[in-house]
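Chains as they are written, first to last, in this note's numbering: chain A, 175 to 624; chain G, 175 to 624.
A portion of the hints provided could be inaccurate.
As the list claims (entries may be wrong) - Subject to a maximum C-alpha distance of 20 Å in a straight line, what follows is the list of computed EDC-like cross-link-like pairs (lysine to aspartate or glutamate):
#, chain 1, residue 1, chain 2, residue 2
1, G, 329, A, 338
2, G, 563, G, 210
3, G, 329, A, 457
Rather than coming from a laboratory, the hints here were simulated on the basis of the structure.
Number of protein chains: 2
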Amino acid sequence: MDTALPLSFRDLPQGVVIDDPDLLPSYARDQSRFTDSTTPIAVLAPRTTDEVAACVRACHEAKLAVVTRGAGTGLSGGANAVENGVVLSLHRMNQILSIDPVERLAVVQPGVNTAELRAAVAEQGLMYPPDPGSVASCSIGGNVATNAGGMCCVKYGVTRDFVEELEVVLADGRVMRTGTRTVKGVAGYDLTSLFVGSEGTLGVVTEIVVRLVPAPRPPLTLVATFDDLASAGAAVSAITAAGLALSAVEILDRTTLQAVDAMTHMGLGDAAAMLLVQADSDDAASLLVEVEKLAAAAGAVDIAVSEDPEEAAMLMEARRLALPALERLGEWLLDDVCVPRSRVVELIAAVEDIAADTGLTIGVFGHAGDGNLHPTLIFDEASRDAALKAFDRITEAALALGGTITGEHGVGRLKADWLTRELDPVALELQRALRRTFDPEGLLNPGAQL
Amino acid sequence: MDTALPLSFRDLPQGVVIDDPDLLPSYARDQSRFTDSTTPIAVLAPRTTDEVAACVRACHEAKLAVVTRGAGTGLSGGANAVENGVVLSLHRMNQILSIDPVERLAVVQPGVNTAELRAAVAEQGLMYPPDPGSVASCSIGGNVATNAGGMCCVKYGVTRDFVEELEVVLADGRVMRTGTRTVKGVAGYDLTSLFVGSEGTLGVVTEIVVRLVPAPRPPLTLVATFDDLASAGAAVSAITAAGLALSAVEILDRTTLQAVDAMTHMGLGDAAAMLLVQADSDDAASLLVEVEKLAAAAGAVDIAVSEDPEEAAMLMEARRLALPALERLGEWLLDDVCVPRSRVVELIAAVEDIAADTGLTIGVFGHAGDGNLHPTLIFDEASRDAALKAFDRITEAALALGGTITGEHGVGRLKADWLTRELDPVALELQRALRRTFDPEGLLNPGAQL
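One chain only, chain A, in its complex shape (with noise of 0.2 Å):
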């Protein structure tokens, strides 16, 4: 082992650091551009919840921090490495623990990829619904740490909605466990959706249960084509206000369309905007009606719904590209904002502003049924300034229109200055205080959140 590296690491089990120099970089950071990072001094990658305790003891000791990360899929920043810090890495946890088709429960370890877990309780006609774009890669310990969405969540809820139990190891290295298994359950303060979506700085999650739900019969999907983008943002609006209990009410601008059908050559057209919306309760039919007529009104060009499973999977597999094929554009910086679900209509044309004012190439798509949309900036070096000025106007327009920052990736280090505008400051205050009772050093991913 690497003499530079502490004393307290030497009575870590077998092959738990990894050291070797040209391994280190590729830990460094995930997938969020403009964000700070560097080489960790080493990645701790430990097999099982003691091994996790141990290394965060070791860390405790030498006064090091602790960046857990998971599949490093993140778009925020929230595992990129720190200085006189290591990479805590939950791959090696990797199990899905058991699965109960009775009690509807799951217990996994947090490197479980999510599609995996996915496919594992379908199996056994259950669902797990969080179904984030970068599900085929993504892992379960990620979505909680960043409280996931996906395409889902428009009738499901988000993943903080589906985490029962954690086993957490905390800041020096105690090991505990929250929640409860019954459906119901209020022994104590709701310890459990506090950890959730905190990325990793009140303790490292090591153990989590997941509530599934019966598996849904094979979506219909609708899909509406319109001329220009506000008329489908209109649609949003009336399908939206409806309540129909879609599965997926999505959206894709043309930039977005474009670069989809550059990279595939699906033959998605050149409409302005298309919705993708999908409903998978027994009366799909009769809601996609609904759905039909609601985005006719709105001046739908083209409307069609299939019930091929194949070409829906196709369908949403090209909303799944959208950040794969723009980036292939130029240099990106992808946002992640949401908005009240009626103000869906304002935040496009606000996009589009932005990018008539600056000239830029801005994609735009996401869970419009939920108001969160991943405006996507496009650049090269010229416009690399341009950009971040986009990228912040986007952002304010959001919290203007009575909106959040993030609505699925995380503050991480993307956003942590943002989070100073968008909370309380009495909460801003409280969530620091609570951030020190948990972990009184600051070790764990300092600089991310706060």
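Using the hints provided, position chain G relative to the given structure of chain A.
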């Protein structure tokens, strides 16, 4: 004003301080049994958030304990007055400030009656789902304090699932807001969920933004009766395992049915147990056909489905009258335990054993579909000690079945000792540290929770 009151009270607005010795005793306690209480030195009844802040500051200055009280319908002693303390009663803050049918949100003061809120939003085609047994008399603020449940929870979730934003007065009188009105949002720690269920130990909630859902169709109701309680429990397990989206799955045992019958002369018959099952979705009829099959297979002796909303309301009223009816039999002590749904049968069997062992009358009723039962002990002076012991045995049995000491009524003072049994010792330390962070001087509801 009583000269025995602290000097800091003299600056409080006119009319806020109630110190009439004839009135104070009625604020001494909630509706729990076997919990300590005393007459408060004063009742503070503010009308606005500013007045709440002034009251809390005045108490902080005088080092007086503050017990916040909603409608006083609690069953765990969470609102019981303590020595050297005031009761902060929020009954005057009873305004529904706004209902937004587009965003499906309502902004309410904590003293709003829960049934009134439900009625007001129903006029706009919306529903606020949580419906505790005391819905006609409880307040939404009390529901937030205890994370109240109810009959709809089996489909819709509990109070916490519907609280989007809170305004809170902290222990030192600072005012803050938590949460966001957007459907999704991950900016900062989830302080909102932390306050929900904290029983006034972390702050005083002065405004609540609740999420609403589209009003469902009037429910269809199925009634099934059984010759023995175990068969009813088996039916519950089968219904739960089927994963049907039912909006109520309630149980009443013979003791409870006879008590309700004696009170109402409804003619509920002589069954050992009755299940009341409701479905409020568009496919309600087909769901209840499934339930009928499962109930018959479990040995139901009589099954009837009603489409008549009045009959449905009458049957649910019978369920709501369970506690008032049992109260007529003698002194009572009601438990609130929740077990994994598949273990309801075992819990019922345990309660039957305890009743047989002790010779006590124990009425069993509750939210069977959630695993949340309210075994209610009837006793007199001679059997008082036996009742207390039986109560402990029931709570113990629930814990042994992987359950919790409280599903929806809260810890309060009744179960503060039990909380140390249920919680992980490290979680307990953390909860205490967290409470000190919010309330360093321990003035908010001392004796409740921990």
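A quick look at each hint next to the structure:
Restraint check: the Cα-Cα separation between residue 329 of chain G and residue 338 of chain A comes to about 17 Å, which is no more than 20 Å; the hinted pair holds. A distance of roughly 18 Å separates the Cα atoms of residue 563 of chain G and residue 210 of chain G; the hinted pair therefore holds under the 20 Å criterion. Proximity of residue 329 of chain G to residue 457 of chain A is assessed by CA-CA distance (about 17 Å); at most 20 Å being required, the pair is judged to hold.
The structure is consistent with each of the numbered hints, conforming to all of them.
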